[in-house]
Amino acid sequence: MKKYFFIPLLLFTVLLAGCINKKIIDDVNITTGIGIDKEGEQYLGSAMIPVYNPDKSIENFIFTAKGTVVRDLMFQMQQTSSQPIVGGSLDVTLFDETVAREGIPHVLDVFLRDPSVGARVHLAVVDGKAKDIFEGKYGDRGNGRYLAELIESNYKTGNLPLTNLHQFLHDYYQKGKDPVLPYLRQTRPDLVNIAGLALFKGEKVVDVLDENKLFYFKLMVDYYSEGALKIKDEHGESFIKSIHSTYNFKVKNRNPYKFSVSLEVDGMLTEHTGKSLEKGEIKRIEKQMEKQIKKECLALLERFQENKIDPVGIGHFIKTQTRNFDIKKWEESYQNASFDVDAKVKIVEVGVIE
Amino acid sequence: MQEPVHERLQISPFMAAFIVMAMQFGIGVLGFQRIVAKEAGYDAWISIIGIGLLVHFIVWIMYRICEAVDGDILTANVYVFGKAIGNTINSFFIIYFISACVAVLGGLVEVIRTWMFPNLSPLLFGSMYLILGIYIVYGGFRTVTGISFFGLVIPSYLLFSFAYAIRYGDFTNLLPILDHSPLELLKSAYSMSFTVLGFGVLLFFHPFIKNPEKSKKWVHGGIFLITLIYAILAIISFAYFPPALLNKSIWATLEMWKIVRLPIIERFEYLGIANWSLIILPNVAICLWTASRVIKHVFHLRQRKGVWFVAAICLLLILIVDSRERMDMFTSFHGKIGFGLAFVYTPLLYLAIIIAKKVKKK
Numbered sequence: 010m011k012k013y014f015f016i017p018l019l020l021f022t023v024l025l026a027g028c029i030n031k032k033i034i035d036d037v038n039i040t041t042g043i044g045i046d047k048e049g050e051q052y053l054g055s056a057m058i059p060v061y062n063p064d065k066s067i068e069n070f071i072f073t074a075k076g077t078v079v080r081d082l083m084f085q086m087q088q089t090s091s092q093p094i095v096g097g098s099l100d101v102t103l104f105d106e107t108v109a110r111e112g113i114p115h116v117l118d119v120f121l122r123d124p125s126v127g128a129r130v131h132l133a134v135v136d137g138k139a140k141d142i143f144e145g146k147y148g149d150r151g152n153g154r155y156l157a158e159l160i161e162s163n164y165k166t167g168n169l170p171l172t173n174l175h176q177f178l179h180d181y182y183q184k185g186k187d188p189v190l191p192y193l194r195q196t197r198p199d200l201v202n203i204a205g206l207a208l209f210k211g212e213k214v215v216d217v218l219d220e221n222k223l224f225y226f227k228l229m230v231d232y233y234s235e236g237a238l239k240i241k242d243e244h245g246e247s248f249i250k251s252i253h254s255t256y257n258f259k260v261k262n263r264n265p266y267k268f269s270v271s272l273e274v275d276g277m278l279t280e281h282t283g284k285s286l287e288k289g290e291i292k293r294i295e296k297q298m299e300k301q302i303k304k305e306c307l308a309l310l311e312r313f314q315e316n317k318i319d320p321v322g323i324g325h326f327i328k329t330q331t332r333n334f335d336i337k338k339w340e341e342s343y344q345n346a347s348f349d350v351d352a353k354v355k356i357v358e359v360g361v362i363e
Numbered sequence: 613m614q615e616p617v618h619e620r621l622q623i624s625p626f627m628a629a630f631i632v633m634a635m636q637f638g639i640g641v642l643g644f645q646r647i648v649a650k651e652a653g654y655d656a657w658i659s660i661i662g663i664g665l666l667v668h669f670i671v672w673i674m675y676r677i678c679e680a681v682d683g684d685i686l687t688a689n690v691y692v693f694g695k696a697i698g699n700t701i702n703s704f705f706i707i708y709f710i711s712a713c714v715a716v717l718g719g720l721v722e723v724i725r726t727w728m729f730p731n732l733s734p735l736l737f738g739s740m741y742l743i744l745g746i747y748i749v750y751g752g753f754r755t756v757t758g759i760s761f762f763g764l765v766i767p768s769y770l771l772f773s774f775a776y777a778i779r780y781g782d783f784t785n786l787l788p789i790l791d792h793s794p795l796e797l798l799k800s801a802y803s804m805s806f807t808v809l810g811f812g813v814l815l816f817f818h819p820f821i822k823n824p825e826k827s828k829k830w831v832h833g834g835i836f837l838i839t840l841i842y843a844i845l846a847i848i849s850f851a852y853f854p855p856a857l858l859n860k861s862i863w864a865t866l867e868m869w870k871i872v873r874l875p876i877i878e879r880f881e882y883l884g885i886a887n888w889s890l891i892i893l894p895n896v897a898i899c900l901w902t903a904s905r906v907i908k909h910v911f912h913l914r915q916r917k918g919v920w921f922v923a924a925i926c927l928l929l930i931l932i933v934d935s936r937e938r939m940d941m942f943t944s945f946h947g948k949i950g951f952g953l954a955f956v957y958t959p960l961l962y963l964a965i966i967i968a969k970k971v972k973k974k
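Those sequence lines, one after another, are chains D and L.
Positions in the first sequence are counted from 1; adding 9 to them yields this note's numbering.
Positions in the second sequence are counted from 1; adding 612 to them yields this note's numbering.
Accuracy of the hints is not assured; some may be wrong.
[Unchecked claim] Far from chain D, some chain L residues (derived; all Cβ distances over 10 angstroms):
(1) 775
(2) 791
(3) 802
(4) 857
[As the list claims (entries may be wrong)] As a list, the in silico DSS-like pairs of lysine-lysine whose alpha-carbon atoms are at most 30 angstroms apart:
(5) L/973 to D/338
(6) D/239 to D/288
(7) D/210 to L/860
[Stated by the list, open to error] Chain L side only, calculated, beta carbon under 8 angstroms to chain D, not exhaustive:
(8) 726
(9) 743
(10) 747
(11) 751
(12) 780
(13) 788
(14) 860
(15) 870
(16) 878
(17) 879
(18) 881
Derived from the structure by calculation, the hints contain no laboratory data.
Where a beta carbon is used, it is the ideal one built from N, C-alpha and C, also for glycine.
Based on the sequences and whatever the hints tell you, model everything.
Structure below.
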């Protein structure tokens, strides 16, 4: 008798394990994209849900709602949905420029508080309405995946710096650094383009960097920058793809602040419009590219200073170099800081023809 | 001198390390980063190493205590203070281990409710878990040891998952090193001590080790390993979170899993938390075993009966501390008592034993 005492108890544990609220994947609406637009005084929220058709194509359905609090939008959408809307697989969240310029603190709180949202969600600011972007039809894997992969692949092999939710929150909460987000624009009903980079001051967008400046920006914030750049000299145009790059900041002087920024790029020549690569041509291209990088990076740093933003994280850098760092003092002296940009370009490969 | 434990019931010296490690590695791992960084900022990893060294010293004292009285701490208390006072102190340990069990199991219930199932019933989950714990205790101390071993070895693969966070971390966050005063480092070490507590259980199961002398190197090795894991985990978290964000994260370790994305698992936290209930299992089993063993010693109640009594009180307390606020209060209260017992009472007891020995010799 005593021997079998545990058997009913163990049986209970097995049977009662089913007594929990479950969410079966076929019975929920999995949001892949959330868009926040401004309409009048209220937010216009849209949640995009992929609909899997029997013929294996994917369509998108969009729930919309109006309100002033993001959670309230979700709740209203829920009321129009036959199945619960869940956010465990969210891919992208888009903000229209008006919302982004007013600041996105509400949304930040939602993402921080909700344990079901992953840190790899991609955030972006759009030119126009987020809802319009969702209404297009891109690729054959659903709009959510398309937008996420657009940003991911441009980060991995293009000129875009890392900008997922984690990176955004990291830069937002980091003292002496301001976050950035990709700036998207719909160019065709079936294509979205990365038109630049939205630069934040705290939670508000204050400036938008043009797409052709992204290469220089990424050089200063990311180590293994795989961007590409067009170089023009008297013998024609060349296209250089960066294979590897490093950046190094140094404090040269503290009163007033003077920084030296040294950038090193190992590149690969992928196209050259001249007849052939003459002797010394490579050297010339390297020099030309160095000159261009120096000029453009310095211009960027000065533009950031003018806007009183610090997306490169100079403030954070100086903090790591200073004991008992006073962020208030730094913010005042940031305006008077000056920079020395030095670039070193090495073209290590020219392809299989000369 | 106490009755020696039969060799049939003893464990090998190597396994002793796993019991100590299993007790040290509990629910605290999920959120210790925020607490240590409160005082010493991102220099707190130094405090973690510091407290690790202190633990080595305390464990050394614990071995000396057990060797001096040739038994466990229950014998030592009776030896020093006499039967009446000694047993009063001993019965206090019952309460301590019950509260340790509640802190750990209640913490697990809280994590599951916040991250996975908001409507999980603490009563059902707690009672099932405690029944499992009782079942393990019924198997005897060797079974408890076995569970400690598996409760550490099986989930150890989780450590690799933190490599994802390294990719997204900015290790310059840690600079400049030693930007805080020694006092701040000490305060941070004090708050870290709550997380590494639990090694005191050595004082209770010492008679069960087959060859205590040989177990020393394993136990010290285990403590070193745990300290190392804590320090590395802290450094990765400090790189991953900027200070202002870490200050908001109650469970920083879990939040680092948000960045993990595997082709087959969209949200890694679910796997991690489910695995964590295996890490918690030895904690609960050891607490139940120790509390019921003290009951057996002090009140001469059979351990098989005592463990039901202990589990019932645990369950009752878990039902009472079912909100964030109460849980916070309870764990910090429990931590303070634990700190007092491990880092203040143990050295004092050792001094008292030395004095008592000298007095009794005369």
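Verification of the hints:
1. 775: 15 angstroms, holds
2. 791: At roughly 5 angstroms from the nearest Cβ of chain D, residue 791 of chain L sits no farther out than 10 angstroms, so the non-interface label is violated.
3. 802: 23 angstroms, holds
4. 857: 4 angstroms, violated
5. L/973 to D/338: 69 angstroms, violated
6. D/239 to D/288: With a Cα-Cα distance of about 20 angstroms, the restraint between residue 239 of chain D and residue 288 of chain D holds, given a limit of 30 angstroms.
7. D/210 to L/860: 21 angstroms, holds
8. 726: Given a least distance of 6 angstroms, the restraint on residue 726 of chain L holds.
9. 743: With a minimum Cβ separation of about 5 angstroms from chain D (threshold 8 angstroms), the hint on residue 743 of chain L holds.
10. 747: 6 angstroms, holds
11. 751: With a minimum Cβ separation of about 11 angstroms from chain D (threshold 8 angstroms), the hint on residue 751 of chain L is violated.
12. 780: Status holds, d = 6 angstroms.
13. 788: 6 angstroms, holds
14. 860: 7 angstroms, holds
15. 870: 4 angstroms, holds
16. 878: 5 angstroms, holds
17. 879: With a minimum Cβ separation of about 6 angstroms from chain D (threshold 8 angstroms), the hint on residue 879 of chain L holds.
18. 881: 7 angstroms, holds
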